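*Asks:* Take a look at the letters that make up each chain.
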Amino acid sequence: MREAPLPAAEAPRRTRTLRQQEARAGLALLSPTLVVVLAVVVLPILWTVLIAFQRLRLRDLRRTGIFGADLTLRNFETVLTSSGFLDALKVTLIYSIVGTTLSIGLGLVAALVVRKPFRGRTLVRASMLLPYVAPVVAVTFVWQVMLNPELGIVNALGADLLGWQDPIPFLDQRTGTLSVLGVDLGVPTALVVVILYQAWRYFPFSFLFILARLQALPGELDEAARVDGATPLQRFRYITLPQLKGVIALLTVLRFIWTFNEFDDVYLLTQGGAGTEVVSVRVFRYLTGRGDVGAAAALSLVLAAALAVLLLVYFRFFVGRSSEAEAI
Amino acid sequence: MSRTGLDTEVTGRRPGVEAPPRRAARPLSREVVETRVLGVLKWVTIAFFVVATIFPFYYMLLLSVRSIEDLALDPGALWPPRGVSLDAFGEVLRSVDDGGQGFVTFLRNSGVIAIGSVVATLLVSILGAYAISRLEFFGRRQVHFLFLAVYLFPAILLAIPLFVLFTRIGLRGSLLGLTIVYISQTVPVTIHMLRNYFATVPASLEEAAALDGATRLQIIRKVALPLAKPAIMATSLFVFMIAWNEFLFALLFLVEDRGRWTVSLGLSQLAGSIEVAKTVLMAGSVILTVPIIVLFFATERLLVEGLTSGAEKG
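As they're listed, the protein sequences go chains A and B.
Heads up, the first sequence is in the numbering used here, so the first residue is 1 and it goes up one at a time.
Heads up, the second sequence is in the numbering used here, so the first residue is 1 and it goes up one at a time.
Think of the hints as simulated: they come from the structure by calculation, not from any bench.
Being a predicted model, the structure only gives us computed values, none of them experimental.
Just so you know, not all the hints are guaranteed correct.
Stretches of chain B that chain A covers, calculated by requiring three or more beta carbons in the stretch to come under 8 Å of a beta carbon on chain A [what the hints assert, rightly or not]:
no. : region
1   : 123-133
2   : 181-188
3   : 268-280
Built from N, CA and C at the ideal position, the CB exists for glycine as well.
Throw the hints in and build the complete structure from the sequences for me.
*Replies:* Below you can see the structure in the form of structure tokens.
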């Protein structure tokens, strides 16, 4: 790499060229990053748009040129009118909204209980991060075995302690019945399990960020409220929670984006079966199962567009309103 | 608990000096009740979280040292009822020719990819982070928008063109291709982590070196890097974990050739087959998880600070 001389080593009167040199050095140092991100992220995203309008099949990959095929809307027609598309969109929405809420809620509770120092706090805190740092394939496999109807510990304990008549195939059952006070309720078993798993695996992320914010809060406000006779719950509701608004709003956006785009966890737990097919898994099916690269690209664009619309709505109606009331 | 309730309690105090004896009794008792109840609830909650997070990992270890027949007889046991056996680890590690599952090969592949990603990402992001934190140039502030693209779009969207591209140029199925993808996936975060750190290193040190005639790259290597050692450690670990744990791209790129599988991919592929015992695969899970957990516990503080720095400001 070429090196530009340093500003300090030069005579002070040539300021303009110095600035140019610094600009050039900056770009030179940043260029490897730019090359990688452009080549492996930005251009591929643009290319997806092109592929979505082409009839490209897996078996033709090596033959067709980049601009070789005619442009067509057929792929969008295929994916939007296919049976199961609306269901997949609905499942994705439920999964993202409930999963995001649960994981942030759990993260908040976890952060509040370990806020003050106690013996063994470091160990407790580290254990709470385990689900998030452990390899996704390993933890989904453990969940699969735990929930297995024949070998799993959940069904074994359910039969021993709760008197379950038949083992419950948690990850293969689309709808189960739950009797509450004599009323039978239909429960989408597999979807509930996948969402609970999502909450379990990702609450540590919210926990980390909320805890960092909690520990940076100034103690004076809380102290003043205590002196004025506010009870612990009141102090949480009126003193602590408002100060956490910013970080919770940020987490909501991040977690929602990531959950909405989630592929690994759902695919590894259920392969998208039993009513858990989210849009990402459907894209994967188009790509590998049917070998329809064009349709896969089209559906992934639909997914990205749906996310963009939802984020726009969120920023317009939720963030806009609360920032009018009080700037975050 | 209502807003008005709090307001009257808070404001009601200020004027009345004579009030405390009568008023103190009510809020105090509520204070005491809440404090006691919350004090108990807090420990119940902590216990719940510890069990919920640790149990699946304990279960993983437990099954890896039990035989499959033993498990089928007594699936609810919380302790290995018939002693500990390490046979599963032997079977999962042995090569396929020796009747095992070949995890040693998978470990080697994962190691090569993860270490390659760490080294390459560090090289790229140290230069980039230094430029962003120290040098003034056009587009310096716009760079972040570019990086947003990496995290806003679903991985599966990115996977399609990369799958097509790598098939064309023959990189699909190679460990190098996967490493390149991992670099692009981690560089935005590592630049962010390193930039925050470079920003805390006083620029005067580097100016002094510049006056002594050091070139830009010398300054980065001899002044900025040694000072940024903790941040570099944290960044390396972060990249290592991402590359070691990653699943989707490994699945798309490497699935066809068993000799190229990573540990994650190998475990996921074998998990679906009925021929391999679950207990043997549990041993595989332990092998996949242990390096990450050891690394994580050894460096937890570093990593957490690196990732959440800046979050304190809300």
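*Asks:* Hints first: check each against the structure and report whether it holds.
*Replies:* Each hint, compared with the structure:
1. 123-133: Since 8 is at least three, the answer is holds.
2. 181-188: Coverage by chain A holds here, the residue count being 5 at a Cβ distance below 8 Å.
3. 268-280: holds (count 3)
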